[in-house]
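Protein chains: 6
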Amino acid sequence: MLAANTATDTITVLQANLDDMNPQVFGYVMDRLLEEGALDVFGMPAQMKKNRPGALLTVLAKPEDAARLTQIIFRETTTLGVRQRDERRQTLARKWQNVNTTWGGVRIKIASMNGTVTHYAPEYEDCRRIAVEHRVPLKEVMSEAVEAYLRGSSG
Amino acid sequence: MLAANTATDTITVLQANLDDMNPQVFGYVMDRLLEEGALDVFGMPAQMKKNRPGALLTVLAKPEDAARLTQIIFRETTTLGVRQRDERRQTLARKWQNVNTTWGGVRIKIASMNGTVTHYAPEYEDCRRIAVEHRVPLKEVMSEAVEAYLRGSSG
Amino acid sequence: MLAANTATDTITVLQANLDDMNPQVFGYVMDRLLEEGALDVFGMPAQMKKNRPGALLTVLAKPEDAARLTQIIFRETTTLGVRQRDERRQTLARKWQNVNTTWGGVRIKIASMNGTVTHYAPEYEDCRRIAVEHRVPLKEVMSEAVEAYLRGSSG
Amino acid sequence: MLAANTATDTITVLQANLDDMNPQVFGYVMDRLLEEGALDVFGMPAQMKKNRPGALLTVLAKPEDAARLTQIIFRETTTLGVRQRDERRQTLARKWQNVNTTWGGVRIKIASMNGTVTHYAPEYEDCRRIAVEHRVPLKEVMSEAVEAYLRGSSG
Amino acid sequence: MLAANTATDTITVLQANLDDMNPQVFGYVMDRLLEEGALDVFGMPAQMKKNRPGALLTVLAKPEDAARLTQIIFRETTTLGVRQRDERRQTLARKWQNVNTTWGGVRIKIASMNGTVTHYAPEYEDCRRIAVEHRVPLKEVMSEAVEAYLRGSSG
Amino acid sequence: MLAANTATDTITVLQANLDDMNPQVFGYVMDRLLEEGALDVFGMPAQMKKNRPGALLTVLAKPEDAARLTQIIFRETTTLGVRQRDERRQTLARKWQNVNTTWGGVRIKIASMNGTVTHYAPEYEDCRRIAVEHRVPLKEVMSEAVEAYLRGSSG
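Residue numbers (the working numbering), protein chains in the order written: chain A, 26 to 180; chain B, 26 to 180; chain C, 26 to 180; chain D, 26 to 180; chain E, 26 to 180; chain F, 26 to 180.
Looking at chain A on its own, in the form it has when it is part of the complex (with noise of 0.2 Å):
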């Protein structure tokens, strides 16, 4: 029932409801949860009892990593309990190219189902620290690489 030709693995998502923590901290959880491995981490806002403005902390990690990433939530963050379940995923094949742009190279990550691209896009942290070197636009260096990008696929 998986879509052909992507690669499919099993991965555990742990998630645990904030209703009582300063959000600064939040932040602070998410690079050090990222820093220890896990695959991704995001918020979501969530209306709790009471009123409150709480949040829904998810975390995507591959499934030997979710002991020591949930003693990370534990130690970090105010909740009592954290949730646990597997997922399939399925991911596509990637790889990377490099581009020139104007102010140096840039990584274009790329993206393709049963042999088609179906996405590209510059690498953002190449982007970001050339709009920060040369204080030029971000979106400018992000577009300028797809031009390169485009220009070399179809040369």
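Please keep in mind that the hints were generated in silico from the structure rather than gathered at the bench.
Take the hints with a grain of salt, since some may be wrong.
Identical copies go unnamed one by one, so any copy, or any two together, can satisfy a pair.
Subject to a maximum C-alpha distance of 20 Å in a straight line, what follows is the list of computed SDA-like cross-link-like pairs (lysine to any residue) [to be verified]:
1) 120 / 92
2) 74 / 64
3) 75 / 125
4) 87 / 113
5) 134 / 65
6) 134 / 103
7) 87 / 114
8) 74 / 40
9) 74 / 150
10) 87 / 160
11) 75 / 113
12) 134 / 151
13) 120 / 177
14) 120 / 178
15) 75 / 103
16) 87 / 110
17) 74 / 154
Got chain A; can you put chains B, C, D, E and F on it based on the hints?
Below, chains B, C, D, E and F alone, put in the same frame as chain A:
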């Protein structure tokens, strides 16, 4: 530039960014502000700097209550700044009508513009009290109250 | 462990994190997925790493449609990974009844549990079409349809 | 105190709190208001008193349309009060350029500030129509339109 | 794959999409479900088809309560379908300690993992009652309770 | 109409609707605006026309910075219009105090109104640096800093 046949007044809108407050305090502050005369109080999820899932507190107030409500915001929340602006507000003329349901009386709030009824709704607190006392679904109480109102109007 | 007298089936929930997609594409993808047989599609605001205001796309699908809908998500969005899980779903028995309003017929959707009507509502598209054609407020059309239904039920 | 070389006008912002309205009505009201000349319409999730997950409706309007749009809000929604304020708005100069894609022409919207192009984007409706008619992914159409524009600009 | 030294159980997660319900009903349903034994109840803003600003209702329940709580969701809301999945949940060991404040006693909830205290917090309802009775800011009560706890711990 | 004994100034609020921007750019723009003197920057999820999950960017600025920050918004985002209004802002008097923790010094920010301390909090960046360097939970650092401050105040 205002719609004809509605009342117009000036209200003061107070706003505070809460990016370091325990969400438990939020529900309490809402109650306190309403109790002290706020016309309305609500929160909106806000994505703040350093990835903080904060809340924007908004209070609608009569201008003469603004200073007092601002002091409550400062005393009860963690904010260091409260913003304030005045807005014009138009409100519909409204009146009340009593209707009978299987479980007792309910007030219907009826709003009209230029002499035409534009909206009617059973009073939430009346319906809630009946739902709790008689252990019937709230939406059933609301529905029966609407039915009674419509029968009366068209009678 | 399921509520008596409702239908139970298994559905597949597909989810994708969108943190680098033009929001214009989102509405289009919703339409595409619904057109291709998704049972429901919705987005939720998500605060993602590096302070990105992303969206979590959720698609409810019949298990046999999951692979096809996953391919559409990959082709139409920027995501590199789609997560999948199965859930049990209980649904109420529902039937339709026609009622007449000043402006024409409207279907009422009636849901029941254990033989008792738990919910009824005028069909949105019927009411919308009347509102557009006759230039009357949508809520007035819905309200009259409800009234017609209640008169009929209690007659 | 305004950015040089952009147009400045005054717009009226209308807002209404919706804490007792069927969300089905919301999408319809957005369409109605846009059709009647609103410059923009959007909703934001709001956590209202008594734990209601309401919505804040915001309408941006030309001052001369404010009264008419306010009447529509009153007729079509459940609100009993509409708030109003004026704001200064700066807008970029914009122009249109046609480009050709594999599937037909697309307009590119080009915005500039002080004579420098700051943003360009393919027109959503043009791309959507092509995507629907030719059954190609919307993002592919948008991407090809951008490519055609860039080729033309640098030619 | 679970963190050592915490309790693990299985809970049932119930979810329903609400895209046509008066938000007034939402707060009432939360209270009803908690009163009937739900472990937690919360809402999340969801952008649904046809531009409806809906809500995703989530209920955490003991598996043996799931059928009963599902019936309440059907009776009290407008949903026609309730989804259900099981998740593993880890919870921290917790205990209570009483401390004295200027205005009376407050319980402190203390959570620990592997014998180390990872979180402590004054009980919200105790603090709220004091704040209401003595007309002092809630955060001042909470702060004094924390101070009393810390003095006691280090004494 | 202002609370006694607080400072009052005028700030400019800038807002832009972003319904066609890659969310990756958002975090970067926040940083850029803060770096260029914005008093605060935040995003709020907005449900825009054609079912776009957009964001409302809000910037709080000193009036003399408004033109410069507006230009940055135009250069760095996809918006074609920036709205502007002035608001009065009241701020509490604040001062700093140093306290010692096991891992080093932390500044405590202390706000007061009419001579009474209304809020105190350890400085986030001080605590974060310690947490990162000493690999201790951030909330433990914050908690110890509060404890040190309270011991000092009551000494």
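TODO: State the violated hints by number, sorted upward, taking the hints as numbered earlier in the document.
DONE: 1, 3, 10, 11
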